[in-house]
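Chains as they are written, first to last, in full-length UniProt numbering: chain A, 1 to 117; chain B, 1 to 107.
In short, the hints are calculated from the structure, not lab data. Virtual Cβ for every residue (Gly too), placed ideally from N, Cα, C. Any given hint could be a false lead.
To be verified - Below are the DSS-like pairs computed for lysine-lysine, each with C-alpha atoms no more than 30 Å apart in a straight line:
{"no.": "1", "chain 1": "A", "residue 1": "K75", "chain 2": "A", "residue 2": "K100"}
{"no.": "2", "chain 1": "A", "residue 1": "K91", "chain 2": "B", "residue 2": "K12"}
{"no.": "3", "chain 1": "B", "residue 1": "K43", "chain 2": "B", "residue 2": "K12"}
{"no.": "4", "chain 1": "A", "residue 1": "K102", "chain 2": "A", "residue 2": "K75"}
{"no.": "5", "chain 1": "B", "residue 1": "K27", "chain 2": "A", "residue 2": "K65"}
{"no.": "6", "chain 1": "B", "residue 1": "K29", "chain 2": "A", "residue 2": "K91"}
{"no.": "7", "chain 1": "A", "residue 1": "K91", "chain 2": "B", "residue 2": "K84"}
{"no.": "8", "chain 1": "A", "residue 1": "K65", "chain 2": "A", "residue 2": "K100"}
{"no.": "9", "chain 1": "A", "residue 1": "K101", "chain 2": "B", "residue 2": "K24"}
{"no.": "10", "chain 1": "B", "residue 1": "K12", "chain 2": "A", "residue 2": "K25"}
{"no.": "11", "chain 1": "B", "residue 1": "K12", "chain 2": "B", "residue 2": "K27"}
{"no.": "12", "chain 1": "A", "residue 1": "K108", "chain 2": "B", "residue 2": "K12"}
{"no.": "13", "chain 1": "B", "residue 1": "K12", "chain 2": "A", "residue 2": "K32"}
{"no.": "14", "chain 1": "B", "residue 1": "K27", "chain 2": "A", "residue 2": "K25"}
{"no.": "15", "chain 1": "B", "residue 1": "K17", "chain 2": "A", "residue 2": "K65"}
{"no.": "16", "chain 1": "A", "residue 1": "K101", "chain 2": "B", "residue 2": "K17"}
{"no.": "17", "chain 1": "A", "residue 1": "K12", "chain 2": "A", "residue 2": "K55"}
{"no.": "18", "chain 1": "B", "residue 1": "K84", "chain 2": "A", "residue 2": "K100"}
Claimed, not checked - The following label-pair restraints were derived from C-beta to C-beta distances:
{"no.": "19", "chain 1": "B", "residue 1": "K29", "chain 2": "A", "residue 2": "K110", "range": "25 to 31 Å"}
{"no.": "20", "chain 1": "A", "residue 1": "A59", "chain 2": "B", "residue 2": "F60", "range": "35 to 41 Å"}
{"no.": "21", "chain 1": "A", "residue 1": "A41", "chain 2": "B", "residue 2": "I62", "range": "17 to 23 Å"}
{"no.": "22", "chain 1": "A", "residue 1": "G27", "chain 2": "B", "residue 2": "I59", "range": "17 to 23 Å"}
{"no.": "23", "chain 1": "A", "residue 1": "K101", "chain 2": "B", "residue 2": "I57", "range": "42 to 48 Å"}
{"no.": "24", "chain 1": "B", "residue 1": "A61", "chain 2": "A", "residue 2": "Q89", "range": "18 to 24 Å"}
{"no.": "25", "chain 1": "A", "residue 1": "A64", "chain 2": "B", "residue 2": "I58", "range": "41 to 47 Å"}
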Amino acid sequence: MSAAGSRPQRLKAAVHFTTGRICQKMGEDHRKEFSRQTVAAIAETAFRQCDIFAKDLEAFARHAKRSMVSAEDVKLVARRSNALSVYIQNKSEELAQEQKKKNAAKKKSKDAEESRE
Amino acid sequence: MADKDEEICFRKETISKLLTSFFKEDKTKLSSEAALLMAEMLKIFVQGTALFLNYCIIIFAIMWLHTDNSTLFVFPEAAIRSQKQAESEDCDKVDIEHFEKILPQLV
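So here's chain A without its partners, still in its complex pose (with noise of 0.2 Å):
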């Protein structure tokens, strides 16, 4: 019980982590220093918003007959910015491109053990 009770904190503990260090290299960036609080209030957004991610990529899912949240449904929740859509519809098909480069060499590298053995 204890153990299910602590995840959610330490997923959020690990969401407002992630999202200090963004904010710092932003501040870095920008010569601005984003305060403790923002930081927080950030995080806390960041964290609600999965949860508003996470129900459409479900409804998403289960509105193409499919259990498994896929690429395609990630695509379908950034379509509202134009912006936002075409640099995850790239990275889509970057991710996609890696995925066969990793694959071609696993097939090489499993040829050339099958042609030595």
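Please build the complex by placing chain B on the supplied structure of chain A, with the hints as guidance.
Chain B alone, transformed into the frame defined by chain A:
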């Protein structure tokens, strides 16, 4: 954004666990590609929120310096809109969520 050292991003595992914890049904799963994309998206969300806050503070400061208290009229309007948003969703309490929804209309 200048990328010195390494790119700061949310961990795939964190995002995966977080989103899965918000799913209504247990059987809904998240593919690893989707998790990576969501990590990217959340990063943009955080950056956007931070920048937005920054602009708010700047705009507020400028308005405060230049106006004869007309800044204060922004707030009643925001309050009314938040209330309308709450009404349109059939609930009788104005939540921070409603304010968040009308924020884009005000800026």
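Contradicted hints - numbers only
Violated: hints 7, 9, 14, 18 and 24.
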